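Colleague: Going down the list, the sequences are from chains A and B.
The opening position of the first sequence corresponds to residue 1 in UniProt numbering, with each subsequent residue numbered one higher.
The opening position of the second sequence corresponds to residue 1 in UniProt numbering, with each subsequent residue numbered one higher.
Derived from the structure by calculation, the hints contain no laboratory data.
Errors might be hidden in some of the hints.
One copy or two, either will do: identical chains are not told apart, so a pair holds if it fits within one copy or between any two.
Below, computed lysine to aspartate or glutamate pairings styled on EDC-like, alpha-carbon distance capped at 20 angstroms [said to hold, decoys possible]:
(1) K36 <-> E50
(2) K627 <-> D603
(3) K602 <-> E322
(4) K343 <-> E104
Keep in mind the model is a prediction, meaning the values are calculated, not measured.
Number of protein chains: 2
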Amino acid sequence: MLNKQLLSPKSIAVIGASNDVSKPGGKILLNLQEHKYKGKLYAVNPRDPEIQGIKTFAKVDELPMIDLAILAIPAKLCPQTVEILAHTKKTKAFIVISAGFSEESEQGAEWERQMVETVKSVGGVLIGPNCIGALTPEYAGVFTSPIPKFDPKGCDFVSGSGATAVFIMESGIPKGLHFANVFSVGNSAQIGVEEVLEYWDKTYDPETSAPVKMLYVESIHNPDKFLWHASSLIRKGCKIAGIKAGSSEAGSRAASSHTGAMTSSDSAVEALFRKAGIVRCYGREELTTVASIFMFEELKGKNMAIITHAGGPAVMLTDALEDGGLRIPRLPDTKVKAALKDKLFPGSSVENPIDFLATGNAEQLGAIIDACENDFDDIDGMAVIFGSPGLQPVTDVYKVLSDKMKTCKKPIYPILPSVINVQKDVAYFISSGNVNFPDEVLLGRALTKVYRTPKPSDENIYLEGVDVAEIRRVVESCENGYMPPEKIHALLKAASIPFAQERVVQSVDEAAEAAKELGFPLVMKVVGPVHKTEVGGVSLNIRDEDMVRKEFARLMKIKGTTAVLMAEQAEGIELFIGASYQDKFGHVMLCGMGGIFVEVFKDVTSGLAPLTFPEAHSMIRNLKAYKIINGYRGMEGVDKDKFAEIIVRLSSMLRFAVEIKEMDLNPLLGKGDRILAVDARIRIEK
Amino acid sequence: MLNKQLLSPKSIAVIGASNDVSKPGGKILLNLQEHKYKGKLYAVNPRDPEIQGIKTFAKVDELPMIDLAILAIPAKLCPQTVEILAHTKKTKAFIVISAGFSEESEQGAEWERQMVETVKSVGGVLIGPNCIGALTPEYAGVFTSPIPKFDPKGCDFVSGSGATAVFIMESGIPKGLHFANVFSVGNSAQIGVEEVLEYWDKTYDPETSAPVKMLYVESIHNPDKFLWHASSLIRKGCKIAGIKAGSSEAGSRAASSHTGAMTSSDSAVEALFRKAGIVRCYGREELTTVASIFMFEELKGKNMAIITHAGGPAVMLTDALEDGGLRIPRLPDTKVKAALKDKLFPGSSVENPIDFLATGNAEQLGAIIDACENDFDDIDGMAVIFGSPGLQPVTDVYKVLSDKMKTCKKPIYPILPSVINVQKDVAYFISSGNVNFPDEVLLGRALTKVYRTPKPSDENIYLEGVDVAEIRRVVESCENGYMPPEKIHALLKAASIPFAQERVVQSVDEAAEAAKELGFPLVMKVVGPVHKTEVGGVSLNIRDEDMVRKEFARLMKIKGTTAVLMAEQAEGIELFIGASYQDKFGHVMLCGMGGIFVEVFKDVTSGLAPLTFPEAHSMIRNLKAYKIINGYRGMEGVDKDKFAEIIVRLSSMLRFAVEIKEMDLNPLLGKGDRILAVDARIRIEK
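Turn these sequences into a full structure, and let the hints steer you where they fit.
Modeller: Spelled out as structure tokens, the structure:
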């Protein structure tokens, strides 16, 4: 985990420092000085005796004891340098800017391993290599610009890509997004995104820690750790927005006809983010917009008031919010509403959007916000649109807006579109600690995305009726490959998954006995003949013992019949549950309606095992076919609690059967609370 | 239509001019002067003898002859002022900035009508009232800022909202979007968006006209005119991007169970834009991004090369493009590729994305672009991502990029994300006439949207086998309300729509005769008994005359049977075609698969009647259920040409039957080229 030498070093040495600030070793020293690092700062350079006015040593051996070393020297020199520092200078923190390691060659990978080994041997930490560095409250240890304004209650940010981290900051800063700590983890040799999350989680203090975390991730090495700390942080009150780039590569993999195999690695990421409660973003603009939204009080409900001095943007925002599931309700016709209308200019509208016209002023804006805050109880949040055609100053309006944003309990999202006309006013507004959303539609979409992201799920594994010992016995008794039917039955029984039961009987009394065990209605089929239907060897809807006896006699007379198979008759809506094991992620569960619903409409939702009941319910609710499952046009639906229970049980079962690489219950037939798996395929790979 | 006095006035008078530039009448005079209007400029103001150094008259009566008058005086004074100018000063063009007309009160609407009448009586034009004015190559006749740089080959823009127009320009200018003419039509008293489109269409000259048009529309008064001129412009080589705000209000209307009634007014807009070939946008950022894309050569195919010096943004752009249907193909392993790799630094990748590393330089960028332009034939366009971490200057890189953008035949979209680090370089890049897309994902989404927008459809009405005279006879013979079955049959027959035919027969010879007419297979049902199935009164799959005779005899013996109904037996996939008449738009046609596909999955596409074959095919192809219609997993599909023909014929029929307000063919059953309408409902309202 990150240590105090990295976070609050008493001394920093820049190895490979330079007077040329267009070089990383020059720029990083400049940044450290310009942003007022208060500890002792040293430079190492074999040629220059003084660099940027800083005491410079020709060799690392000559340095005094050093807490943090920042290396900007050729890769091949790094391992030895790290070793000297670690072993003779008590250095416990390293940031290796240099590239040319595992990302480039096998030799580089070896150097990287050597450094990690050395660092580990002294209990230190290593950031990088191949990164831009770190920004903390204490120092600006990056070789890039811009250096964002430090704000302990701003945004913590960890990025798997250095350049992308810069571009993300460049997207956030103009919106007014502030940053606390920024870590660029580069090759993640020792410290990756997961370790930074771990540190943030373990040290989280609601009073002092940054309440918002941003992630840019290209690969997740340890999904369990990622999930654990991300969801823990969110449970502690933190909010996390993240990009996991690379969805399309996975998405373009040839779709398999086997539903369980439909889970791409991107669906695993999707499921992981959802389980953790992270808002998944797909671009820099969206990421910084969501992080900016996180700077506000949480929207408690779905009703928004839009307050505007111009019609168009309010209409577009209404479209975007309603489209994403938020609501712009009509305001109730009360005295308050009438009184508010009186305070506005003629022609203003106090419906919702509240349009107080191009001539609307600061005082009116204050009155509208107050009414929404105090009087319109249904309203959960506000969006205020106020630009300028370039005539009147807007300073007083932005002042009122800024004040109200700080005092109101309901969140107020400002949309100040006139980034040219009132550039200075917008800049002042931002410099007062506010964020701005210049485009209402981008805000609207991000806001609905935040609103729709579920809370992290809890960690309990549901084990009622799940016989773990028996599950292990069955799995261990299986060979690699597809499990035989009897093993599948045994396995599903151990997890209390209802499966259409079967009995093969050879006498009429056996048949009557089996019927009692199986219950009615029943299906009876001949055993022996190949084309069962054509020889009249299938009887459906057997409803009583009398019918059992008659049909048994009839069936046994059919040529080639050696016995009769009796099975529970499943009926109702066709459902499926699938799962596939994804390396490191574990089992990704899928559910949906079977057949064309999954194959043509791709109507599938996913979750990461083990699942909780709320998660399973959310998977079911998010199906497009939810209406059908819920009972549609007189057709009886499926008991959703029962369906959810089956999904949860299966996910618990899989947790103890990692040898199961693919599982496919397809179909399950469901009507009311009677849901029966009719067919199942399970593939084992040990 | 717009006249030369409005577009190139020899003289302009600002009525209500002021020395106070925070007032519209002051600011507009300032804009006219600052942006060097070359004609004669006069001011009218009863109090000040000189305003902003301009010759000022106390009353309009004192003015000389005036081409264009811009009114910024109280609404109630406008009608009289217009009258004096029109009748005594030969003024033929008016821009009425003032508000307080039809948008505010009945009195205002009356003043507005008076002005229009006066202006029409002298053959003049009126822009507004309640608008920000107009920007043309000759003058800056708006009271707002910013005044964008004039570029005759930039973007023409017409807006139904003044403030929104300002905000849209403020969104476009920082991207480098240039403008030619801008019209704010306000209340559209005489000149609306349609009339501006008409003018652009009629005067379009590929050599001199602006090749890109942007629209912001809140309501479409004359969809026919809108469609005609927009599609005509696009056929002439123009590109149009538009926002029609207000989709959600319509979207939230209670969904009707009647499919034909599912067409909301927004689906009419959607169908109109698609038919015209306009790229529909949903926000300012998207609109100006699409308009910026229009400034490039058209992307001829779907294969893009991504050229980048940073991995992250390239991955995110790949995701966005692939997600939207464009492709980032692997580059072929050729000598060219090997030679290109040799020119780049070690560690660079010449797969696609082509990553030439953080250290990549201008020369390398040039080589990569040249290879994509000349050697990689599969590549249709390029996106270049180049930001800066703040170390090296990027001037030479941006110079190469700018040069290549001007000389290459394939479009090159620049993504310069470092809007802070290299602010000046980006500004210089833009000032050289280039646009910039700061966010790769927003570009990616807009680019795929442009790529997927179909070309405008042609205007021919398909009339083969559509008996217009008979259609009129049938419609005219109907009362208001739902048409009786025999009328529906007659109507569909007149349009050559295959409908499951029926005959009621009372003798066995009649039955045999009917069978010959109807063809096999047949359905035979008893006429008389209520519960036909329960009494065994329904026979399916009648395949020859012999069976007809036997079944007739059997059915007639069933108690209560008075006759036998014989009908063509339809089978196959369930389809539906619906239509509803939308005020001013005409008939919006819908198609899809029936039942839950439309009701649960909302899998419906729409188009505006009359439809062409390419449009109908596009409607079918865009259904999610297309795979099923196409034949799925051994299940025979439907002949798409036949299905398209039925849709087209119905749309032609409706063109001559505006009295049909709702039509619902549900289901049609289709298998191969045999598609039969089985049930139809048509509602007439004259």
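Colleague: Output the numbers, in ascending order, of every earlier hint that fails for this structure.
Modeller: none
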